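Asker: Single-letter residue listing:
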Amino acid sequence: MPFSKDEDRIDTIGKCCGTTRYVGDLSFDNMLEAVTVRSTVRRGKIKKISLPEMPDGYFCVDASDIPHQNQVTYFQDTCPYFAESEVKYIAQPIMLMVGPDLRKVRRLAQKVQIDYEEIPAIHTLDEALEGTKPPMHNDDNVYFKEDFSYGDIDGAFAGSDEIFETQTRTGYQEHLYLETQGVVAVPETGKMTVYASTQGPHAIRKALGGAFGCDEEYFRIQQMPLGGGFGGKIETPFFLAGHAAFAASKCKQPVRLIYSREEDLLATTKRHPSRIVIRSALDAKGNILGVDIDVVFQAGGYALSCRMVLDTGLKKATGVYHFPAARVLGRAVATNNPMAGAYRGFGGPQTFFAIETHMNALARKFKRDPLQFKADYFIKQGTDTLTGGKYHFHVALPETIKEAARLADYERRKKEQVQHGPILRGIGQALFSFGAPFSLGTNQPLPNRCMGLLKRKDGRVEILSELVDMGQGLHTALRKIVARALKIPIERIIYKDADTDRVPEASITGASMSVVLFGRVLKDAADKLKPRLEEPGEFSVLEKVKQPDHLQWDPVKQQGDPFHSYVWGTVIAQVEVNTLTWQVAARKIWTALDVGTPIDRRIIKGQIDGGTIQGLGYSLLESMPMDAMPASLADYIIPTSLDVPPVESALIANPYPPGPYGAKCVGEPPLIGVGPAIVDAVANACGIELFQLPVSPEYLMQKMANKS
Amino acid sequence: MTKLTSFTLNGEFVSTKSALDLRLVDVLRCEFNLTGTKEGCGEGECGACMILLDGHPALSCLMLLGAAKDRDILTIEGLRATQGFAVLSQAFNDAGAVQCGFCTPGMIMTTYALLRDNPNPDDGAIRAAMAGNLCRCTGYSMIVEAVSLAVQRRGETW
Amino acid sequence: MVNSHNPYPATLREACMAKQKGAVPYAGGTDFMIRHAKALQTGQCPPFIFLNDLNELQGISNPDNTVRIGALATMAALSVNKEIPGLLSQACNCVGSPALRSAATLGGNICTASPAGDSLPPLYALGAQVEICSPAGRRLMPIRDFISGPGTTTLQSDELLSAVILPVNEFNEFYHHKVSPRVANAITKVSLAVAARIENKRIKKIRMAFGSVGPTIICCPQIEAACTGSSLSELLSAVPELKIMVEKTIKPIDDHRSTAQYRRSIAANLLADCIETFGNP
Ligand SMILES: Cc1cc2nc3c(=O)[nH]c(=O)nc-3n(C[C@H](O)[C@H](O)[C@H](O)COP(=O)(O)OP(=O)(O)OC[C@H]3O[C@@H](n4cnc5c(N)ncnc54)[C@H](O)[C@@H]3O)c2cc1C
Ligand code: FES
Ligand code: FES
Numbered sequence: 001m002p003f004s005k006d007e008d009r010i011d012t013i014g015k016c017c018g019t020t021r022y023v024g025d026l027s028f029d030n031m032l033e034a035v036t037v038r039s040t041v042r043r044g045k046i047k048k049i050s051l052p053e054m055p056d057g058y059f060c061v062d063a064s065d066i067p068h069q070n071q072v073t074y075f076q077d078t079c080p081y082f083a084e085s086e087v088k089y090i091a092q093p094i095m096l097m098v099g100p101d102l103r104k105v106r107r108l109a110q111k112v113q114i115d116y117e118e119i120p121a122i123h124t125l126d127e128a129l130e131g132t133k134p135p136m137h138n139d140d141n142v143y144f145k146e147d148f149s150y151g152d153i154d155g156a157f158a159g160s161d162e163i164f165e166t167q168t169r170t171g172y173q174e175h176l177y178l179e180t181q182g183v184v185a186v187p188e189t190g191k192m193t194v195y196a197s198t199q200g201p202h203a204i205r206k207a208l209g210g211a212f213g214c215d216e217e218y219f220r221i222q223q224m225p226l227g228g229g230f231g232g233k234i235e236t237p238f239f240l241a242g243h244a245a246f247a248a249s250k251c252k253q254p255v256r257l258i259y260s261r262e263e264d265l266l267a268t269t270k271r272h273p274s275r276i277v278i279r280s281a282l283d284a285k286g287n288i289l290g291v292d293i294d295v296v297f298q299a300g301g302y303a304l305s306c307r308m309v310l311d312t313g314l315k316k317a318t319g320v321y322h323f324p325a326a327r328v329l330g331r332a333v334a335t336n337n338p339m340a341g342a343y344r345g346f347g348g349p350q351t352f353f354a355i356e357t358h359m360n361a362l363a364r365k366f367k368r369d370p371l372q373f374k375a376d377y378f379i380k381q382g383t384d385t386l387t388g389g390k391y392h393f394h395v396a397l398p399e400t401i402k403e404a405a406r407l408a409d410y411e412r413r414k415k416e417q418v419q420h421g422p423i424l425r426g427i428g429q430a431l432f433s434f435g436a437p438f439s440l441g442t443n444q445p446l447p448n449r450c451m452g453l454l455k456r457k458d459g460r461v462e463i464l465s466e467l468v469d470m471g472q473g474l475h476t477a478l479r480k481i482v483a484r485a486l487k488i489p490i491e492r493i494i495y496k497d498a499d500t501d502r503v504p505e506a507s508i509t510g511a512s513m514s515v516v517l518f519g520r521v522l523k524d525a526a527d528k529l530k531p532r533l534e535e536p537g538e539f540s541v542l543e544k545v546k547q548p549d550h551l552q553w554d555p556v557k558q559q560g561d562p563f564h565s566y567v568w569g570t571v572i573a574q575v576e577v578n579t580l581t582w583q584v585a586a587r588k589i590w591t592a593l594d595v596g597t598p599i600d601r602r603i604i605k606g607q608i609d610g611g612t613i614q615g616l617g618y619s620l621l622e623s624m625p626m627d628a629m630p631a632s633l634a635d636y637i638i639p640t641s642l643d644v645p646p647v648e649s650a651l652i653a654n655p656y657p658p659g660p661y662g663a664k665c666v667g668e669p670p671l672i673g674v675g676p677a678i679v680d681a682v683a684n685a686c687g688i689e690l691f692q693l694p695v696s697p698e699y700l701m702q703k704m705a706n707k708s
Numbered sequence: 001m002t003k004l005t006s007f008t009l010n011g012e013f014v015s016t017k018s019a020l021d022l023r024l025v026d027v028l029r030c031e032f033n034l035t036g037t038k039e040g041c042g043e044g045e046c047g048a049c050m051i052l053l054d055g056h057p058a059l060s061c062l063m064l065l066g067a068a069k070d071r072d073i074l075t076i077e078g079l080r081a082t083q084g085f086a087v088l089s090q091a092f093n094d095a096g097a098v099q100c101g102f103c104t105p106g107m108i109m110t111t112y113a114l115l116r117d118n119p120n121p122d123d124g125a126i127r128a129a130m131a132g133n134l135c136r137c138t139g140y141s142m143i144v145e146a147v148s149l150a151v152q153r154r155g156e157t158w
Numbered sequence: 001m002v003n004s005h006n007p008y009p010a011t012l013r014e015a016c017m018a019k020q021k022g023a024v025p026y027a028g029g030t031d032f033m034i035r036h037a038k039a040l041q042t043g044q045c046p047p048f049i050f051l052n053d054l055n056e057l058q059g060i061s062n063p064d065n066t067v068r069i070g071a072l073a074t075m076a077a078l079s080v081n082k083e084i085p086g087l088l089s090q091a092c093n094c095v096g097s098p099a100l101r102s103a104a105t106l107g108g109n110i111c112t113a114s115p116a117g118d119s120l121p122p123l124y125a126l127g128a129q130v131e132i133c134s135p136a137g138r139r140l141m142p143i144r145d146f147i148s149g150p151g152t153t154t155l156q157s158d159e160l161l162s163a164v165i166l167p168v169n170e171f172n173e174f175y176h177h178k179v180s181p182r183v184a185n186a187i188t189k190v191s192l193a194v195a196a197r198i199e200n201k202r203i204k205k206i207r208m209a210f211g212s213v214g215p216t217i218i219c220c221p222q223i224e225a226a227c228t229g230s231s232l233s234e235l236l237s238a239v240p241e242l243k244i245m246v247e248k249t250i251k252p253i254d255d256h257r258s259t260a261q262y263r264r265s266i267a268a269n270l271l272a273d274c275i276e277t278f279g280n281p
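Chains as they are written, first to last, in the working numbering: chain A, 1 to 708; chain B, 1 to 158; chain C, 1 to 281.
Hints listed in this document are in silico derivations from the structure and should not be mistaken for laboratory results. Not one of these hints is a red herring.
Simulated pairs of lysine-lysine, BS3-like, Cα-Cα distance not exceeding 27 Å:
| no. | chain 1 | residue 1 | chain 2 | residue 2 |
| --- | --- | --- | --- | --- |
| 1 | A | Lys285 | A | Lys365 |
| 2 | A | Lys47 | A | Lys133 |
| 3 | A | Lys104 | B | Lys17 |
| 4 | A | Lys367 | A | Lys703 |
| 5 | C | Lys205 | C | Lys248 |
| 6 | A | Lys530 | A | Lys5 |
| 7 | C | Lys243 | A | Lys707 |
| 8 | B | Lys3 | A | Lys104 |
| 9 | C | Lys38 | A | Lys104 |
| 10 | C | Lys248 | A | Lys703 |
| 11 | C | Lys38 | B | Lys69 |
| 12 | A | Lys48 | C | Lys38 |
| 13 | A | Lys703 | C | Lys243 |
| 14 | A | Lys104 | B | Lys69 |
| 15 | C | Lys21 | B | Lys3 |
| 16 | C | Lys243 | C | Lys201 |
| 17 | C | Lys38 | C | Lys21 |
| 18 | A | Lys703 | A | Lys414 |
| 19 | C | Lys21 | B | Lys17 |
| 20 | C | Lys38 | B | Lys17 |
To spell it out: a stretch of chain B is covered by chain C in this simulated footprint if at least three of its residues, at any positions, have a beta carbon under 8 Å from a beta carbon of chain C; those stretches are:
| no. | stretch |
| --- | --- |
| 21 | 18–27 |
| 22 | 42–51 |
| 23 | 61–71 |
| 24 | 122–132 |
Just so we're clear, the structure is a prediction, and the values are computed from it rather than from any experiment. C-beta: ideal position from N, C-alpha, C; glycine also.
Okay, chain A solo, but in the shape it has when bound:
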């Protein structure tokens, strides 16, 4: 093993001591506080805005204060910073109140009177498709539509003996990073610095350039330590950064904008709710001839990155299987709800829940052992992808199954008695893969995107990278890779939080690509620096970001290899259902994961544990009813220390040659299989089929009532 030692993380001690400064801990002379004035209706035209009398030193900042364009230019679709004539969801930003005393600012914000002409709102994805309400986007409310297929799918259905159909649904999931969103914008001479809790510093700088209509270099984005991200600090920070920057530029004073938890729950992005119908064409013996998958993702008032999330979800929709024929159709629809966006798993948790639940239900229907039943369709090395590419490298799925089953003593537990007094006990499993990163173009260097190493006078080497450590341990992992390539102690490698004046643009940190792709870029840079390490003075080695050589991808036709690499995994979960209350408790979760070469086992365990428990919350607790969006943590329930079972995990070593030292990724995969494994376990315990996340006691009770 190339990396046998777990490295201490340099950020730990400051975080324990409370000396690590998050954006909310910053303060500047003459700093003003900002509060967002938000819509109180789901959908409507703004008729009239009446402002309170503004005391000296207090300002109101709205769309008219945006120097160039009221559009977050990062997004392809329309997306205003401030609503001007119409609002499309509750809590949409309309203006900012700014001033020195936060309590006074809030009072002023409260006094803004906005009159609306309400328009019938589209509450759910079903309503968006039914078309009974005035459409929000084009005629059909579809922001984005895409399909993939291979084989003779119509023939498969025409020649089938039976069609088996499932419909699964999942709801919103809030990231619930513990630190709410926040930025501070500080105007300086000829410059503005924005301190932000963000996963994409350069992307913010670009967007601000677009909104101000000026050279993006005017802005300096200093990324502050993140109190959690999970994908939630990709899109929302664009808005905060814009808002604070418009205010700072108007008032010529530093402006701090920190969301309350209520605002964060109501107004920030969430995981897309989904409705997925899967139909299998079966022959007389129960073999699958073809699979037809219809995916609907519910986007909110604006599209944001729903194209990308839906797209990657669709490319994973056939799961770990290659069927004789398959068709996948996906739509992302507009509704008058909070915006949905990037979230750990990026479309995968929804589509994997659908396919695994479908396959597990089929196995139960035929009274087949689920793992054997599914094995007939497993992807193998050399199999075609949904998009006509190839699985180029070894598929370690069977090894993960074997290892998870061994850890869990699955075969024995599966045969155990279900009923224990009022408790029903069940075990379930789910298989998953995680393709990452998604392919962007052909294997050409990506224009203007690079990373590098700065050899400093003192002999230390600084990583020049905008990639963000949001707690996942990325800085430590990348420092380890560079230290190893340079053959110097890790203490000599420095990695600071990103400052766009100092580090080049590489990418938003997300989609689990940081180690597998950018770790490789840094390794290549280190290999180049190595022979020059003893040269005196200060100099840097920059390396362009480039996709691996094996990749063939046609971005126009969407054909070829959709992802660089694949992580394979198996989750097994044991649950207990209390028949008195229909509460489900997870008793233990086992995960076996092929992450390629593990760079740091302790960090990986942190990702597996954390991802698994976030997945457990998604499976059992976390729900946001469309008509009663929770505004408080008393109503949006995430697991506490007493709600979580032990998680036991094992890693399968399956090095991925293009990755740095064979590493793949680990950030997102552990969450993917938890939902379907929990549902399978509950289904086995209760003897029913379940098709919805979360499995609330109310839902389970109703299902059990229907059974008897």
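Using the hints, position chains B and C with the ligands against chain A.
Answerer: Here is chains B and C with the ligands on its own, set in the frame of chain A:
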């Protein structure tokens, strides 16, 4: 008429003229610059704002400044000079219990008090003590491990 | 905020006078801070008085075969105090999180008068009396009469809740179950507290109260009457009828936390569970 509110803060006697209706968490963070105490929710649900009030874990977001009068308040800034903190933070490091770190000061306040009152908490007791400290990153197990590690290494610390 | 009065009244009398003039009592503050959160954010909080210095509201004592619990007793103290009937201790230990319990007081829980208040079903079941004081003196009344609706009590503007008085040794068997959306730190969806005197496997006396299934705590005099005098085995066979009686007695609603149907069905299950627990100890 301005009233002084006096209390003990990290071992020192302090007084403030601030309004009694400010939340203690705001006074600690803004007036005393003790930003190690975090606000994660402002509604008593997450534990990021945990302090010790007369030695017991307390939620500083759910308390008015006026209620701190004559009380003894310890924040992470005061705790970090102690031996107990050294043992705990080393254990948090070794067990990989810190990811984003936003929950960490609160977790340490809570678990410090636990270890003071209970020389040998088992897994269940540790989890029960932590039930008011949410962590979204770790899934808790590595934090529980860290506390167990601190129990093993505590010696005569508490 | 303009506090024209002393926010730290030294005597009950002073506190009652301040309250009469509009000051809001602050005990542990855990409900106060949530209820006035918006007002606190904008600096428009009503005037308040801290009750903490009032000795009359402190302490737990045992006068005349009763337990007298000062209104300021915290959930944490009640959870561990051996003088406190186990039924109440257990319920207090289910409130919020450890740090919340060391702030939250019994008096605050009662005066908040939420149907989800966790101390309330045990207090109803145990036949608690509340002691109310005003400049004019003290009076006692049963808790069921004290709480008049969701969030409302019969407390007059110049009155404070000073203590809770519980009879002791009236019951010898207890049942408590709180159903909430997660294991810890969560608001009750349904709860049941039962206190019974069982002699020779026969119910001599029983009192039960459900939480979170109506606008206030729901008492069940008819079910209690139906159970009284029965042997445990008779009760066990009457479970189906008793469950139906529960479903008819309670008045649950659909809200964002749960459904009426769930609450109805689970409340009935809890009573069945209680009877089974009593019947098969
Ligand atoms: C995060 C969180 C979780 C919670 N979880 C639970 C739970 O699980 N179960 C539960 O039952 N409750 C829960 N609560 C609610 C609350 O903590 C309890 O109701 C608590 O007992 C209130 O007590 P307190 O001393 O903090 O009340 P305070 O906030 O001080 O007072 C509450 C109200 O009663 C009045 N009052 C207080 N004492 C007196 C008195 N002696 N005389 C007259 N009026 C008085 C006050 O003016 C105020 O209106 C929770 C609250 C929070 C914030
Ligand atoms: S900030 Fe106080 S509990 Fe969350
Ligand atoms: S480490 Fe991020 S919330 Fe605990």
